[in-house]
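Q: Following the hints, complete the assembly by docking chain V onto the known chain Y.
For the record, the sequence lines run as chains Y and V.
Going from the first sequence to our numbering is simple: count from 1 and add 1.
Going from the second sequence to our numbering is simple: count from 1 and add 28.
The hints are simulated quantities; they were obtained by calculation from the structure and are not laboratory data.
Note that the structure is a prediction, hence the values are computed from the model and not measured.
Cβ coordinates follow ideal geometry from the N, Cα and C atoms, glycine included.
Keep in mind that the hints are not guaranteed to be accurate.
Pair by pair, the computed Cβ-Cβ distance ranges are [stated by the list, open to error]:
1) Arg431(V) <-> Thr3(Y): 19 to 27 Å
2) Asn118(Y) <-> Asp90(V): 44 to 52 Å
3) Gln171(Y) <-> Asp347(V): 50 to 58 Å
4) Glu176(Y) <-> Arg207(V): 22 to 30 Å
5) Arg41(V) <-> Arg64(Y): 43 to 51 Å
6) Asp90(V) <-> Arg157(Y): 41 to 49 Å
7) Asn357(V) <-> Arg22(Y): 43 to 51 Å
8) Arg22(Y) <-> Pro478(V): 27 to 35 Å
9) Asn133(Y) <-> Asn163(V): 46 to 54 Å
10) Thr95(V) <-> Gly115(Y): 53 to 61 Å
11) Met2(Y) <-> Glu399(V): 20 to 28 Å
Selected chain Y positions facing chain V (Cβ under 8 Å, derived; list incomplete) [stated by the list, open to error]:
12) Gly9
13) Asp42
14) Glu52
15) Val54
16) Pro58
17) Ser65
18) Val68
19) Val80
20) Val82
21) Asn83
22) Ala86
23) Val87
24) Arg160
Chain by chain, the residues:
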Amino acid sequence: MTFEVEAGGRRRAVEIAGAGRAYRAVVDGRAYALDVARVGDVWSLLVGSAEPVLSSPPLHPGRSYEVTIGEQAGGELAVYVNRRAVPVSIHGLTGPRAQRRATRADRTGEAPSGPLNIVAPMPGRIVKVLVNEGDAVVARQGVVVVEAMKMENEVRAPRAGTVKGVRVTQGALVEARTVLIVIE
Amino acid sequence: MANRGEIAVRVIRACRDMGMACVAVYSECDRTARHVRMADEACAIGPSAPLESYLRVDRLIDAALATGADAVHPGYGFLAENESFAAACRAAGLTFIGPTAEAISLMGSKTAARRAAIAAGVSVVPGSDAPFDANQSDSVIEAAAVSVGYPLLIKAVAGGGGKGMRVVTAAGDLPSSIRAARSEARAAFGDPAIYLERRLVRPRHVEVQLLGDLHGNVLPFVERECSIQRRHQKVIEETPSPAVSPALRAEITTAAAAVARSVGYTSAGTIEFLLEEDGRFYFLEMNTRLQVEHPITEMVTGVDLVQWQIRIAQGEPLDIDPQQALAPNGHAIECRIYAEDPDAGFMPSPGRIAALDVPGGPWIRDDSGAEPGTDVPIFYDPLISKLSAWGADRQQALTRMKRALGEYHVGGIRTTVPFFRWMLEQPAFENATFHTAYLDELLQQRRGEPFENPREDEEEIAAVAAALHTVIAVGIAPSGRSAARDVAALSEAGRPPVGRAGWKRLARLEGLRG
Chain Y
2 MTFEVEAGGR
12 RRAVEIAGAG
22 RAYRAVVDGR
32 AYALDVARVG
42 DVWSLLVGSA
52 EPVLSSPPLH
62 PGRSYEVTIG
72 EQAGGELAVY
82 VNRRAVPVSI
92 HGLTGPRAQR
102 RATRADRTGE
112 APSGPLNIVA
122 PMPGRIVKVL
132 VNEGDAVVAR
142 QGVVVVEAMK
152 MENEVRAPRA
162 GTVKGVRVTQ
172 GALVEARTVL
182 IVIE
Chain V
29 MANRGEIAVR
39 VIRACRDMGM
49 ACVAVYSECD
59 RTARHVRMAD
69 EACAIGPSAP
79 LESYLRVDRL
89 IDAALATGAD
99 AVHPGYGFLA
109 ENESFAAACR
119 AAGLTFIGPT
129 AEAISLMGSK
139 TAARRAAIAA
149 GVSVVPGSDA
159 PFDANQSDSV
169 IEAAAVSVGY
179 PLLIKAVAGG
189 GGKGMRVVTA
199 AGDLPSSIRA
209 ARSEARAAFG
219 DPAIYLERRL
229 VRPRHVEVQL
239 LGDLHGNVLP
249 FVERECSIQR
259 RHQKVIEETP
269 SPAVSPALRA
279 EITTAAAAVA
289 RSVGYTSAGT
299 IEFLLEEDGR
309 FYFLEMNTRL
319 QVEHPITEMV
329 TGVDLVQWQI
339 RIAQGEPLDI
349 DPQQALAPNG
359 HAIECRIYAE
369 DPDAGFMPSP
379 GRIAALDVPG
389 GPWIRDDSGA
399 EPGTDVPIFY
409 DPLISKLSAW
419 GADRQQALTR
429 MKRALGEYHV
439 GGIRTTVPFF
449 RWMLEQPAFE
459 NATFHTAYLD
469 ELLQQRRGEP
479 FENPREDEEE
489 IAAVAAALHT
499 VIAVGIAPSG
509 RSAARDVAAL
519 SEAGRPPVGR
529 AGWKRLARLE
539 GLRG
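Chain Y on its own, in the form it takes in the complex (with noise of 0.2 Å):
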């Protein structure tokens, strides 16, 4: 079964094969012999070569990492490799009609325009809200103050536009992604 994967900023194709503890993976063409053991929420995998290096009795020296997977919102991944995040998102199993998709979806992916939420990026309490509707707003303006963990960070405006919309008011607490202001 194949994978295509984004790692670290790069594409590539992954083949599981195995059962067990036992799996076989070929990343872009190279394969690996995998010992694949679970302790509590921790992967550990022990990596080497497909061929064993002493054939009698078979002998899998393998390097030794330690992963952690957890899913996101959005379909990501946050995966860590012996503690260090990699970021990965999976774009699905190869083939034919996937590939149709992934096409299809590239075409109709063109820049957004129109309305834009602006959205709180962390949870936190309202402090203040520095547009009204109407207004004006250029490129990187301060539109509300968010506070968390007593430190007041401002959300900007990513764009210029209009404010076509107040969704908070002071004093109000928020949840992460929630939307402030939209702007046209």
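A: Chain V alone, transformed into the frame defined by chain Y:
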């Protein structure tokens, strides 16, 4: 224990070490926090917002009286430097484990403290001598700013920890900075009063820990170097300071002790100085409480400062050898691990800690209030842990710290661990040629590249692990086999590894396959 987080855990441990019981208090969102579960008893004090719980003097006193506590430890932050709290404890017949209300009031007012330092013969940074309250007009402050000179700092009179502090480089920025500083000061300390101070060029931040007992003894400790700051918040501290010679140490600790003696200071306190390149130092302020970075002093002196706070409050005289306090054994360094995303401009990253691997081994100490499964709430300081390392010399302490940072893993939220791994590799840090603006300048030179750069093989393993995760945890069987058997083989904990999110992911992938 009138506080929360790692410092509440630290104080509970000191009590245990002394055979004492400890009562925790908690706000609504802290019900499951570590300090509550560790304590002998715990008492709810109100809603999550600090003003309705950890800053409520009346509720804290009620909790102490209701549980039969003899003494109150304020920790740091919240009410630790609030003289009415110390006075209220005394009035209720409770021993306040800290300085007197009078000392807090005097040294807690940054402007009064400056006058006390001058009276004790210690130089202070040039600045405005009288505080400006909330009603003071901008024009009066502007006039004072001109005589102090730019660049200057606006500071909260009741301040500490960089809260309510702003750098102003030009007169035009003064009004907005005054507004921001007052608002932050009011939120953090309940007091919007501010004052101005000239900003020295490239000074170091060096501070002296003190203990004073109820019998007039004041004992200074070897200095701490806290110049690695981001926006006036200390992020790395070490002791001794690489910039302080034994002669300068004698001078600066004597000056610190003189200021403390002149105000009859008792309990633990810290006098902060700015040190210029030529060796001149200026009194900055006094923190009338236990300091966040106290563990590194404990590591190089072998003195348990929290236990001594309690012993002093009980009336015991200090019997620590002054040479033990002043001559450091080796070197110690501390990194403050914050729930912030360094790759997003150090944006707060509150939330649930999904996984936590804490480093250990030789000469590593982790002071933390966090545990897997607990939340880092939005309401409080983002400090989740203080990681300290000791070595026979600075180089060994740094090497151990790097090793420990490599072992640290916090899942579910972002932390400053990747930043510290990067920071400790910086040549200026290794050579100790830094000053208080060094880190902010260094961060400004960065162009948004991530702090963490996984190696090529780690990226490849991440890709393999993601594919494996999809195959195993989500249940897509490779080679047409039933995934259930593989899952059973792997899931030793007996938990079903296929969660709702897993099925959603499967559905998405199947959708992609068409």
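Q: Going back to the hint list, which numbers does this structure go against?
A: Of the numbered hints, 1, 5, 9, 11, 14, 15, 16, 17 and 24 do not hold.
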